[in-house]
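full-length UniProt numbering numbers the first residue of the sequence shown as 1 and each following residue consecutively.
You may find that some hints are simply not true.
[What the hints assert, rightly or not] In silico lysine-lysine, DSS-like type, Cα no more than 27 angstroms apart, as pairs:
1) Lys617 with Lys630
2) Lys443 with Lys617
3) Lys606 with Lys621
4) Lys89 with Lys184
5) Lys152 with Lys88
6) Lys185 with Lys168
7) Lys617 with Lys639
8) Lys443 with Lys419
9) Lys617 with Lys452
10) Lys89 with Lys49
11) Lys49 with Lys617
12) Lys185 with Lys49
13) Lys630 with Lys606
14) Lys621 with Lys634
15) Lys446 with Lys621
16) Lys185 with Lys152
17) Lys606 with Lys634
18) Lys639 with Lys446
19) Lys49 with Lys168
20) Lys606 with Lys452
21) Lys169 with Lys49
22) Lys184 with Lys49
23) Lys419 with Lys89
24) Lys649 with Lys458
FYI, nobody ran anything at the bench for these hints, they're computed from the structure.
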Amino acid sequence: MKKTIISICTAIALGTAVSCTDNFEDININPNKIYEANMESIFPGSVYKTINAMAELNYNQMCWWARYSGHFGGSVDMNESTSDSFYKKFYVEIIRDLELSERQYDGIPGYENRVAIVRTWKAYIYSIVVSMYGGMPLSDAMIFDPNKFLVKHDTEEDMYRQILDMLKKASESFNPDASSDVLKKDPIFRSGSGTTSDIIKWRKFANTLRLEVAMRATNIAPDLAEQHARECMEHEDWIIASLDDMVAPAWGSDVSNDVSYYYNRFLKKIPTEGFRESDYPRINEYFFIYLRSYNDPRLEAFVDPTETLNQYTVSDTISRPNPYEPGFRDSIAVTYRIPHLPSPERSGILPRGWEVAIDPNSPNGTTKYESPYTGILATQWSLINYDFIKPDAKHIIMNWADACFLKAEAALRYGIGSKSAEGYYYEGIEASFAQYGLTSAVKEYKEQNGIKWNTNGKGLTDFRCLYHADINGEGDFDNHLEQIIKQRYIADYFNGYSAWCLERRTRVLKFPPFFCNSTTEGSNGTYDFIPERYVYPLSEITNNTAAYWNAVSDLLTQSPYPINNIRKGDNLQTHLKMSLVNPLLENADANYMNRTIAYSSRHLQKWYGNTEEEFIKNVQKIYPDVTSSKLLRKYIGYKATVISTYEPK
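Go ahead and model the full structure; you've got the sequences and the hints to work with.
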């Protein structure tokens, strides 16, 4: 696959690939100049700027905070300058244009649908902002008054109330019968084979996003969340219900204008600088063990297999029939290549104060456990499927599975909807499998323990044996919510923002911290949990100082876990009001300081089964002519040595 990617990127660089702009006409408008709002020109550019900003956040931080990718495993860090760049992207480059468009056309007959489109996107941007920072300017934002020197930060709760009201107003304003009230070149939802807006799909996005924001508000204002969830579910026909409804704007393929952030960040360098695996997103070990534990066929859709000659060789123990004693079996030590290798976090660095345990099976009793990743080459990792990052990739904001799992959560919390939580849950799994063309495999997947509703599944561990990919679905509300959230997490692969929000508000995944010997302000130098928020931007600190300090005060007052001794509260670990308290904090030092660990490679073993017969059967699915162990050697480098012979009981 790597050779194919190199060829594609070279063709694009030489101009031999097809170029087209994806209706992002005015993406280079000067962000420092106020224009008269031309909605047809400005809105596509706002969408393009949004997906670029979110892709940058995803690649640099959120994708590995979510444990989707292992391309960055560095320290958890954030400063005002980095935060400031995204503040300017959202407020100066996007919200300002949306606000001007809305003000110019709001109330003008014949523009109701187009204003609702702009309002929906504005609500989406504000939902990102509040989930990143906490309280930020909303009601005072974009008041162009030279005499106004303080721009109020609304509280987190006030922002959620306003965002939910925006989405309620937008979803109720859409009129699919007003066929002339559309964007001529809609950048997201297009009618049939044309380019004009599909208003029905826009209404579904607005109402589904409203349900999403309502679920995020459950820890902030429970009554408010329930009210909006109930109103959303009264119009289930206004909720995303197919692959065609997904909110997935696509970049174009004009390398000088509108290609994906990922192409500009690392793919375009390949023809001149070569293929650098360190830049390329690769599957994270924690996410990987959920796929391996439950034989999830989506693994093949999420990441490409490693090239055959670079594939990792596993040492394993399986059994086979003894060729000389009928009824007896041989226990055999085998080695073989596997198609996928996940990327662990800082596998070559032992956290400060940690020790590796003595392997009890060592001949001399002094040899320590060895990491399965010792000596791994960068060429052996499983890299993300090219479709996620190609020049004209789709940036998935909300997929069909998201909508199903949101309905499952609403049904579980409030007993609402036309189906049970279980019914919506299975719909979500089916929707995700359909998204990747795997519908034929979904039945077998759903029948497994942990996947089947109200059952428990025992998962594999990471190489440090710190985390188990268990799914504890049997029992009450918390167990059923765990199944819903974990399936949504899997279905949202490579949408780091969605997973980051999901974990903070539910604490279902409970991933260990990063072990990076960090020097981040407030770190103990050994471990850091994922950031709970972004620090406030430098622009607000220097230009809106009084409002900034009011916002910090509100943050500390409303936070379920305030930390006021680091940066006076404006830090990475003060929890937002939307969040539950991270349960791992209580015993973190006992669990993660001065630890003795034993390494494991179990998550890489038994790839093709527990017996040689199973190996032949499963490898045959990939290479149909495999009928013997001799052919296993040809295709997967299989080698076997007899350990012992036994009679099965």
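Practice problem: Assess, step by step, whether the Cα of Lys606 is no farther than 27 angstroms from the Cα of Lys452, and give holds or violated. | Solution: 23 angstroms, holds
Quiz item: When you check the alpha-carbon spacing of Lys185 and Lys49, does it fall within 27 angstroms?
Solution: Distance ~16 angstroms between Lys185 and Lys49 Cα, so the pair holds.
Quiz item: Lys639 and Lys446: Cα distance at most 27 angstroms?
Solution: 34 angstroms, violated
Practice problem: With a cut-off of 27 angstroms on the C-alpha distance, tell me whether Lys617 and Lys630 pass. | Solution: 14 angstroms, holds
Exercise. Sort out whether Lys621 lies within 27 angstroms of Lys606, counting only the CA atoms.
Key: This hinted pair holds, its Cα atoms lying about 16 angstroms apart.
Quiz item: Between Lys89 and Lys184, is the straight-line Cα distance small enough, at 27 angstroms or below?
Solution: 26 angstroms, holds
Quiz item: Does Lys49 lie within 27 angstroms of Lys89 when you go C-alpha to C-alpha?
Solution: 8 angstroms, holds
Self-check item: Proposed proximity, Lys89 with Lys419 (alpha carbon, max 27 angstroms)
Solution: 41 angstroms, violated
Practice problem: Verify the proposed pairing of Lys152 with Lys88, using a straight-line Cα cut of 27 angstroms. | Solution: Holds. Lys152 to Lys88 sits at ~17 angstroms (cutoff 27 angstroms).
Quiz prompt | Satisfaction of hint between Lys617 and Lys49, Cα-Cα up to 27 angstroms | solution = 49 angstroms, violated
Quiz item: Given the hinted pair Lys446 and Lys621, is their alpha-carbon gap at most 27 angstroms?
Solution: 21 angstroms, holds
Practice problem: Decide if the proposed pair is consistent with the structure: Lys184 and Lys49, CA atoms, cutoff 27 angstroms inclusive. | Solution: Given that 27 angstroms is the threshold and the Cα spacing comes to 19 angstroms, the pair holds.
In the structure shown, a violation is registered for the earlier hints numbered 11, 16, 18, 23, in ascending order.
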